[in-house]
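Trainee: Residue-level listing of the chains:
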Amino acid sequence: MKVALFIPCYVDQFYPQVGIATLQLLEKLGVRADFPKQQTCCGQPMANSGCERDAIPVYHNFVDAFDGYEYVVGPAGSCVYHVRKHFDIIEQTPAVQHVRTNTYELFDFILNVLGINEIPGSFPHKVGLHLSCHGQRGLHQANESEMTPVRDGQLRRLLSSMQGLELTELDRNDECCGFGGTFCVSEAGISARMGQDRVADHVRNGTRVLTGGDMSCLMHLEGIVRRAKLPIKVMHAAEILNGAIL
Amino acid sequence: MSHSKRSNIFLLDAERTTWHDETLWFVRQKRDKAVYATPEFQELRQLASDIKDHTLSRLDFYLQQFEENARRNGVQVHWAADAHEHNQIVLGLLKRHGATRVVKSKSMLTEECHLNPYLIKHGVDVVDTDLGERIIQLRDEAPSHVVLPAIHLKKEDVGDTFHLHLGTEKGNNDPQQLTETARQHLREKFLVSEVAISGVNFAVAETGSVVVCTNEGNADLGVNLAKVHIACMGMEKLIPRLSDLSVFTRILTRSATGQPITTYTSHFSKPAEGKEMHVVIVDNGRTKQLGRPDFRNSLKCIRCGACMNTCPVYRRSGGHSYDFTIPGPIGAILSPNIDMRKHASLPFASTLCGSCTDVCPVKIDIHTQLYKWRQVLGQEGEIPASKKWSMRLLSRVLSKPAVYGLGGKVARQGLRFLPHGLTHGKGYNPWAIARELPEPPKQSFREWYAQQAVK
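Protein chains in written order, with UniProt numbering: chain G, 1 to 246; chain Z, 1 to 455.
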C-alpha cells in the first residue's frame with residue numbers, strides 16, 4: 001500500500017508533534033507512509049475568503065505532490081473535506097479525481113481502509129472530544145445532533161476502545177467552536193465568544209484533556225485555554241492514540 | 001456597517017448574549033425532541049424538498065393555475081414586480097374602501113416591502129396583531145427573527161415598552177399581566193378595523209386557496225371581523241396540491257418551535273358573503289434568484305427559522321446584526337441577491353459549520369450557498385482590498401514549496417524571538433484579542449522529517 005502523509009501547513013509549522021504522532025501511529029498500525037515535501041496547503045484559506053480562483057495554483061501543487069500514491073492521509077478533517085469537495089473547479093483529470101477520492105482523514109483511514117476498530121492502549125484521563133464540523137458534517141465522521149440523539153462517530157469509537165479513558169458528556173455535543181478559518185479574524189468577536197462558550201462546556205463537564213481530529217479547531221480552543229490559564233491540556237487525537245500504543 | 005461590527009455591539013452586553021444564545025438553543029432542543037420522535041422526519045424532509053424543487057421548476061405553470069382557481073373562487077389576484085408596487089396595490093385597495101384602520105397578522109413579506117412605514121406615511125393606522133410583532137412595532141424596531149420577532153427582548157424590555165405605550169404600571173414585568181394588556185389593546189383594534197392584511201404560509205395551486213399558520217389565532221380574528229382581507233405572498237409560496245400541504249404542516253412547526261402543528265392552520269379560499277378577498281403575489285427579486293442556478297434552492301425556504309436557532313453565529317450576534325428582513329444563515333444567502341454591495345459581509349458571517357443545512361426541513365444547501373456567494377462576491381470585487389491582496393500573496397507563497405518552507409521558518413523565528421507584547425498586539429492582531437498564539441516550535445514537521453531521512 002503506497003501511502004502519502006498530508007501534513008497541513010499550520011500543523012507543519014506550529015504543531016510538528018501532531019505530524020510526528022500521525023506518522024508513528026500509522027507505522028504502529030503497519031503502514032509505512034512517505035512525506036512528499038512538495039506539499040504545502042490545501043488552499044482552503046483563500047477559497048473560504050472568496051478567492052477560490054487564487055487558490056487554483058495551490059490545488060495543482062497539491063495534486064502534483066500526491067500524484068502516484070494510492071492513499072493520501074492527513075490529520076485534519078477540514079483540509080481533507082476541502083480537497084474532496086472544493087477541488088471541483090479545476091479540470092478533473094484522472095490524477096485530480098484520484099487524489100480527491102483517495103485523500104482520507106486519519107481516523108476515517110484507520111477505521112475504513114485499515115479496518116481497525118480498537119486501539120490497544122490505555123489513557124486513564126477524562127477526555128473531552130471536540131467534533132470538527134467539516135469532519136462530522138462534511139465527511140460524515142460522526143452523527144449529527146440535527147438528525148439523531150445517538151452519539152456515535154469514528155473518533156468516539158476509537159477513543160472509547162482505550163482502557164481507562166472516560167469521555168466527557170457535553171451539554172452541546174456538536175456545536176461549532178467558532179474557528180472557521182479566516183472567520184476567526186474577520187469576525188473576531190463572535191469567533192472568540194463561540195470558542196469561550198465551547199471551552200466553558202468542557203470545563204463545566206470535567207474535561208482534563210481536550211482532543212479532536214482537527215488541529216485547526218484545537219489551535220483556536222488552545223489559544224483560549226491558554227489565555228484563560230485553564231487546567232486543560234489540548235492534544236490532537238493522534239497524539240493520544242500514538243502515545244497509548246506501546 | 002459590516003456584520004462583524006454590528007455583532008460586536010451586541011456582544012458588548014455579555015450577559016444578554018448568553019441569554020439570547022441559551023433561549024434560542026432551548027428552542028433548537030425543543031425542535032430536536034419533536035424531530036427525534038418522528039421517525040419518518042428525514043423522509044418528510046426529502047419529500048418536502050422534492051415538492052418544492054418540482055414547484056420551482058414549473059413555477060410559471062403553478063402561478064397561473066393558482067390565479068385561475070383563485071379568481072374562480074371570487075378572489076381578486078394582483079401581481080407586484082417589486083416592493084414598491086406591492087405597497088401601492090395595498091394602499092390602492094385601502095383607498096378604494098376608504099379604510100384608515102388596518103390589522104395585520106405576521107408576514108415577513110410585508111416587512112421585506114416595508115409596508116408599515118409606507119401605509120403610516122399615507123395616513124393609515126396599521127396595527128400588527130401578532131404579539132411579538134406588536135411589541136417591536138411599538139418600539140419602532142424590525143423583527144430580529146422570522147418566527148420569534150421579539151426574541152432579542154427580555155420581559156423587562158416588554159414591561160418598559162407597555163408602560164410607555166399601553167399605560168401599564170412601571171416595573172410590571174409579569175408576563176401574564178402584560179399578555180392580558182396586549183389582548184385588551186388588540187381587541188379594540190380588531191373590532192374597528194375595516195381591512196385585515198395577512199401573510200401566506202402556503203398557496204395551493206390546485207384549489208386557489210391560501211393557508212395561514214399562526215399560534216395566536218390573530219389572523220383569523222382579523223380576517224373574520226374585517227370586510228376586506230388582503231393576503232400578501234411571495235411568489236415562491238406555492239405548492240401544487242392540497243394533499244402536499246400535510247407534508248409541510250408536519251415539518252414547519254416541528255422545525256420552528258418543536259410543536260407538532262401550529263395552533264391555527266387556516267385555509268382561506270373565498271370571500272365570505274358581502275366581503276372581499278385579495279391576494280397580492282410579489283416577485284421582488286425572486287425571479288432573479290430563480291435564474292441563479294447555484295442559489296435558486298434558497299427559494300424553497302418555508303420560513304421556519306430553524307437555521308437561525310441552530311446557527312452559533314446568529315445566536316450570539318442577534319438578528320439585527322444582519323440588517324436584513326430575513327436574518328441568519330438563510331438571510332445571508334437571500335440578501336446578496338437583493339443588494340450585493342450592502343450585504344456583502346453576510347455570507348462571511350458563518351463558520352460554514354453546516355448545521356443550518358442539516359437542520360433545514362426542505363434541504364436547502366445553505367452552507368454550500370454561503371461558500372458560493374463568497375466566490376461571487378470575491379469575483380465582483382465586493383470583499384475588502386486587504387483581504388483580496390493578502391489572499392493573492394498567500395497563494396503565491398503556498399503554490400511554491402520552497403518559498404513556503406522559508407516563509408514559515410522566518411515567521412516562526414519571528415514569533416519565537418519577538419516579545420509577547422509585540423506579537424499579541426490587539427490593535428493589529430485580531431487573534432490576540434481573546435487568544436494566545438500557538439507557541440512556535442524550533443522545527444517544522446518537514447524539517448524534522450528531513451533530519452530523520454539523513455539519520
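Take these hints with a grain of salt, some might be off.
As the list claims (entries may be wrong) - Subject to a maximum C-alpha distance of 27 Å in a straight line, what follows is the list of computed DSSO-like cross-link-like pairs (lysine-lysine):
| hint | chain 1 | residue 1 | chain 2 | residue 2 |
| --- | --- | --- | --- | --- |
| 1 | Z | Lys-363 | G | Lys-233 |
| 2 | Z | Lys-409 | G | Lys-37 |
| 3 | G | Lys-37 | Z | Lys-442 |
| 4 | G | Lys-85 | Z | Lys-387 |
| 5 | Z | Lys-409 | G | Lys-85 |
| 6 | Z | Lys-363 | G | Lys-37 |
| 7 | G | Lys-2 | Z | Lys-363 |
Honestly, the hints are just simulated from the structure, not real lab data.
Trainee: Just pull the numbers of the violated hints for me, sorted ascending.
Mentor: 1, 5, 6 and 7
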